[in-house]
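K.L.:
Here's the letter readout for the chains.
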Amino acid sequence: MRKAAVELAGVSKAFGDVYAVRDMDLAIADGEFFSLLGPSGCGKTTTLRMVAGFEFPTAGALWIHGVEMGLEPANRRPVNTVFQSYALFPHMNVEENVAFGLRMKKVGATETAERVKRALDMVQLGHRADASPTQLSGGQQQRVALARALVNEPEVLLLDEPLGALDLKLRQAMQVELKVLQERVGITFVYVTHDQEEALTMSDRIGVMNEGRLLQIGRPEEIYERPASRFVADFIGEINLLPATVVDHYSVRLLGGQVVRGSTGAEPGSEVTMAVRPERLELFGSNEHIADGLNQIRGTVVRRTYYGDVFYYDVDTPAGVVEVKEENRPGVDLHEAGESTVVAWDPSATTVVED
Amino acid sequence: MALPETAAPELELDSRRAESRRGFLIGLPAWAYLTIFFALPLVIVLVYSFATRSSTGRTQLTGWNLDSYRRLVDPFVFEVFQRSFFLALTTTLICLLVSYPFAYYIATRGARLRNILLVMVMIPFWSNFLVRTYAWKVLLGSDGPISQLSQALGGEPIRLLFTNTAVLIGLVYGFLPFMVLPLYAALERMDWSLVEAARDLYADGWTAFRKVTWPLSRPGVIAGSILVFVPALGAYVTPAILGGARTTLVGDYIVDQFLAARNQPFGSALSMGIMLVLLAATVIYFRSGAKEV
Amino acid sequence: MSISAGVRPKSPTERMLAGNAWLVYAFFYAPILVLIVFSFNENNNVGIWTEPSLRWYRDVLANDAVMSAIRVSLIVAAISTVVSTILGTMTALSLERFRYRGRRAFDGLVYLPIIIPDVTMAVMLLLFFAQSFQWLDAALGWRPSFGIATISLSHIAFNISFVAVVVRARLGQLDARLEEAAADLYATRWQAFRRVTFPLIAPGVVGGALLALTLSLDDVVVTSFVAGPGSTTLPVYVFGLVRRGVTPLINAVSTLMLVASMVLIAISLGFQRTSRSRVAIREQELEPN
Amino acid sequence: MNGMRRAAIALMALMLVLTACGDDSGGEVQAADCNVGEIDRTTLNFYNWSDYMDPDLIEAFETEYGVDVVESFYESNEAMLSQLQSGVVYDLVVPSDYMIKIMIDENLLFQLDKDALVNYGNLAEDFRTQPYDPNGDFSVAYQYGTTGLGVNLEAVGEDFVESWALIFDPEITQHFAGGVSVLDDPRETMGAALEYLGYSLNDTDMSHLEEATQLIQDAKAHIATFDSDQYSENLALGEVAVAHGYSGNMIVDIGSADNPENFVYILPEEGATLWIDNMAIPTTSAAPCTAHAFIDFLLDAENGAQLTNWNYYGSPNEAATPFIEQEVVDFYADTADANLEVIEDQGDYEINYTDGLARAKG
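Chains as they are written, first to last, in my numbering: chain A, 1 to 355; chain B, 1001 to 1293; chain C, 2001 to 2289; chain D, 3001 to 3362.
Excised from the complex, chain A in its bound form (with noise of 0.2 Å):
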């Protein structure tokens, strides 16, 4: 017996020559918010589809709640699903788009009608239950789409980048809106974004994509702070990604020879990316004291970006150059162009990653 609500194993979907999915492995647990990352392309959006049922997959198997699905068409899964373009159908008003899923399934229509209800309610669309689709707004919409899958109350609910349209204050409060209605109804969403900070805040979990590849599942915090490879590293939040030669397993030798701590399991001697978030590099005068323990590079200061809350420096290092966060407090030094400098971080902020 699998507990999972959706579980993968090894499925891959070809189309044509092309792989939009290989080898996938996952399994989602009963009431998490699940988000599939990643840039356009990469199979996020593919793999949506195949748990839906739109597609079936080339190879591999697919469960939900323990029962084989793999080629079960879409209208004999327990999912739903809330499309990118939300695609309402226009002919219908807003209750008869709510309602569809439950004449479908023959619920009676007292029930039908309390649920509907119910639905639009928990939206707050109450009130235009007699609108067209067309008449409302984008941020409407996407709702009328939300209580549509629901009202059907299905063991998972998947997401297609349902916030793509909107406009970034809308986005905001609907992320928030969606978090919460998630945590209330409590069933698993599978949500597809190529938005790091979507899926970074309201995530349970993120599994970062590229190229039809699962590269790595895990906490936002997990992903964020030790990506296990170059492209998550890369792809979530800014870093600075320096080459680097490892020395043992505790540091890394840079270009220009400096040796900086930080753990790899890699072999001593092989080439790897020595990866380090900007907020949390130092940047100190050249003769200002510098605590023991931290890793440090001396550099020149090239330039300084004003952003209000904070302040970027970049700065010409022997191992690059290194772009460096620093929050605009009362009192901050500030550092010019040109003027020496020496860049320092805890080594645990460090993490080396193989290429």
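Quick caveat, the hints were computed from the structure, so don't treat them as lab data.
Glycine included, each C-beta is placed from N, C-alpha and C at the ideal position.
Misleading hints may appear alongside valid ones.
Unchecked claim - Here are the simulated distance ranges between beta carbons:
| # | chain 1 | residue 1 | chain 2 | residue 2 | range |
| --- | --- | --- | --- | --- | --- |
| 1 | B | P1075 | D | Q3326 | 50 to 58 Å |
| 2 | C | R2103 | B | R1083 | 35 to 43 Å |
| 3 | B | G1110 | A | F15 | 53 to 61 Å |
| 4 | B | P1075 | D | D3033 | 54 to 62 Å |
| 5 | B | P1075 | C | I2267 | 31 to 39 Å |
| 6 | B | R1022 | A | G186 | 32 to 40 Å |
| 7 | C | I2267 | A | R118 | 40 to 48 Å |
| 8 | C | E2051 | B | G1155 | 47 to 55 Å |
| 9 | C | E2014 | B | L1096 | 15 to 23 Å |
| 10 | B | P1075 | C | A2176 | 46 to 54 Å |
| 11 | A | S348 | C | A2176 | 43 to 51 Å |
| 12 | B | G1110 | C | A2139 | 26 to 34 Å |
| 13 | B | R1022 | A | G16 | 15 to 23 Å |
Please build the complex by placing chains B, C and D on the supplied structure of chain A, with the hints as guidance.
P.N.:
Positioned in the frame of chain A, the structure of chains B, C and D alone reads:
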């Protein structure tokens, strides 16, 4: 975890095959119908185009030859094709220019009004073709309302009848619904929120039209253009009645081969020629259309 | 109710559109007006007005040949419109929504009847029917005869393509996600088609059907070749008249057909309205208050 | 490409098969054998031009013989021919002159049983034998007419030459407001041009035909329309000054003009076309004897007159003359003296007439 043997490649292939089979089966009735009642008869014409006309106008199914095709490369035939081609092209362009705003107007009305307006387009065409064309003769004649209006305004009597303008008016009139219907079908369910979104972004109505409405209505434009261009190329009754048949067009040239000269082989070869030209023209049209989108 | 009507203000563009629409309608109906006026003309000649009279209406009702031609035309138009609309819509679906071996060949086959000159189609269908009837006779001892059946079969053969082209134009811009959404919401293939796809392509289907009807009612050449004893259609009869001069009898026939179609449309529109309001009432009853 | 080759091979195979089972013409002449008034089938499939037959006559025949006449209509000789060749069953047809010749050559017509036609003697001598049916074995004339010129006296003046120059000589036609109308029919129009040039309308000399083509080309500037349908109406409406066309339409439309006295119908002195539509019985007929009865019925003097009084065409039925309206008799009176020719089918040469007119129009 062992790989389960379900959902193996063959099974997915099976499901894709099932999907293909479903599509094939949906098309099958029409396919079978057209094969029996169109493709097979077409083969007869193809065969005839290689045959010889007997002295009584029967088609002799012996002594196959390419004579009819040789006649196709005559400069006169080319001239006839060319003339018909430009007439059809002009007709199509005028139809498009008139129909687009018209279909747009209908498509943006309320649902009930929309249906009434659409049917009102078709009603005139359920009368008789010949009678409609004769009615145009009355309108365009030297005693017709246009001429009388001109005289009332102190001008000369105007006779449009037997001119190229009259032919164009007649053709546009006859084929306008063929353009309006597909355009309407394409515009009717246009997502107006897209247009509004575009107006939001571009602010200017013309740009919104060019960037959103027009590309989205393209399938309708293409279908309509074909439905007008093709019959306009073969038209012969309208040019005869309103234009006085003063020049030879492809349509009446072919009709004359079958009905006056009873030269079925040459008529068949001409038909094959016109079909090839039209196929080529539409393929080019589709290609260029696909690129522009 | 429509969004556009409510949202759009009466802009200059809107006024120009309306103006253009009225001009186009004037263009459509100007000859029809002439046609109707001359149907009440005493004179033999379609274009020379003498005095008002109902002579031609009396003649229509008394003329068996014309009445029979109208009957044949309507039967053929009804059969060919219904069959070609169904087959044409299926064709459009098959070509637009599926991928399979031979699809391109099918696409080409569907396109050919549109581009073939009508006289060529007429000749080839006649030869085809003659040949196949001969074979049927030899094989089964059954020889079908030319008539309404052969005319209808021929009209369907060219109408399928016209319907398919119009429906495809509609289907082509329909969001495929809508069908997936229906499947996602437990609709079977058929339910998804009936509840979502079909209502959305309906304007295209109706447009195609109207086109088929028009083509069938206007066809002369193909019909005159594949007709049989007692199955002359109205257009063939009218074209036969030109040798002797067309009389306003045909204007009277056309006027009667116009009136009949307007009445039919008025009835169907009225029916549409009542059935729609009934649905609305039923759905209101469902609402728990 | 493989598919192409397969298709080509299939096509060639089909051609071979068709060649093998091809030409089935050239059988024996079939002669009908009927008694006077014999009805071998009580349904008669009558295939005729539209509006050419008085419904009252049909009814009278049906009552007298207890036969059900099913009428069908065609709009061209060629459509009718194609139908018969394809085995569509009609019992009685009304082809024009040249078409009778073709149908005889193609063995599509019964040799008539003259013994069953007791009224055959009513037929005028001139109409019993014609070049297309030299012994009158296969056809009986139904109605006839001529092809000439309708002239608007107001536009042309009272004084004019009765010649094809009225449509072909630019020196003359340039003065006509509205121009002239010429038939859009290869044989008629090329024939008129040939006659104007002094040749027969059945001339088959290519150089003469080229002259005729050139003549039409030069005259084209003042030819407003090539029209086989609406010429008489255009004439009566004043749209054209002179119209080339068939007598029947001319008489009807001139009669219905505002001022009929302003119009005349003339037969050019160089010669003009006489055309005759004929009743004939296809070999596929299921009721040849009923068809004979019908032909004989129409050969009756009073019935023949009733037909002409109804459709205003010339009657070949000599005995009917006393019963025909004087107006119609007068109209056709001068045909007897005119220089008239019947269009004959010219076999392989036919295609040149069609081509000649197409090229003349450009």
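K.L.:
State for each hint whether it applies.
P.N.:
Hints, verified against the model:
no.: 1; hint: B:P1075 with D:Q3326: 50 to 58 Å; result: 55 Å, holds
no.: 2; hint: C:R2103 with B:R1083: 35 to 43 Å; result: 36 Å, holds
no.: 3; hint: B:G1110 with A:F15: 53 to 61 Å; result: 43 Å, violated
no.: 4; hint: B:P1075 with D:D3033: 54 to 62 Å; result: 56 Å, holds
no.: 5; hint: B:P1075 with C:I2267: 31 to 39 Å; result: 57 Å, violated
no.: 6; hint: B:R1022 with A:G186: 32 to 40 Å; result: 38 Å, holds
no.: 7; hint: C:I2267 with A:R118: 40 to 48 Å; result: 42 Å, holds
no.: 8; hint: C:E2051 with B:G1155: 47 to 55 Å; result: 30 Å, violated
no.: 9; hint: C:E2014 with B:L1096: 15 to 23 Å; result: 21 Å, holds
no.: 10; hint: B:P1075 with C:A2176: 46 to 54 Å; result: 50 Å, holds
no.: 11; hint: A:S348 with C:A2176: 43 to 51 Å; result: 50 Å, holds
no.: 12; hint: B:G1110 with C:A2139: 26 to 34 Å; result: 58 Å, violated
no.: 13; hint: B:R1022 with A:G16: 15 to 23 Å; result: 20 Å, holds
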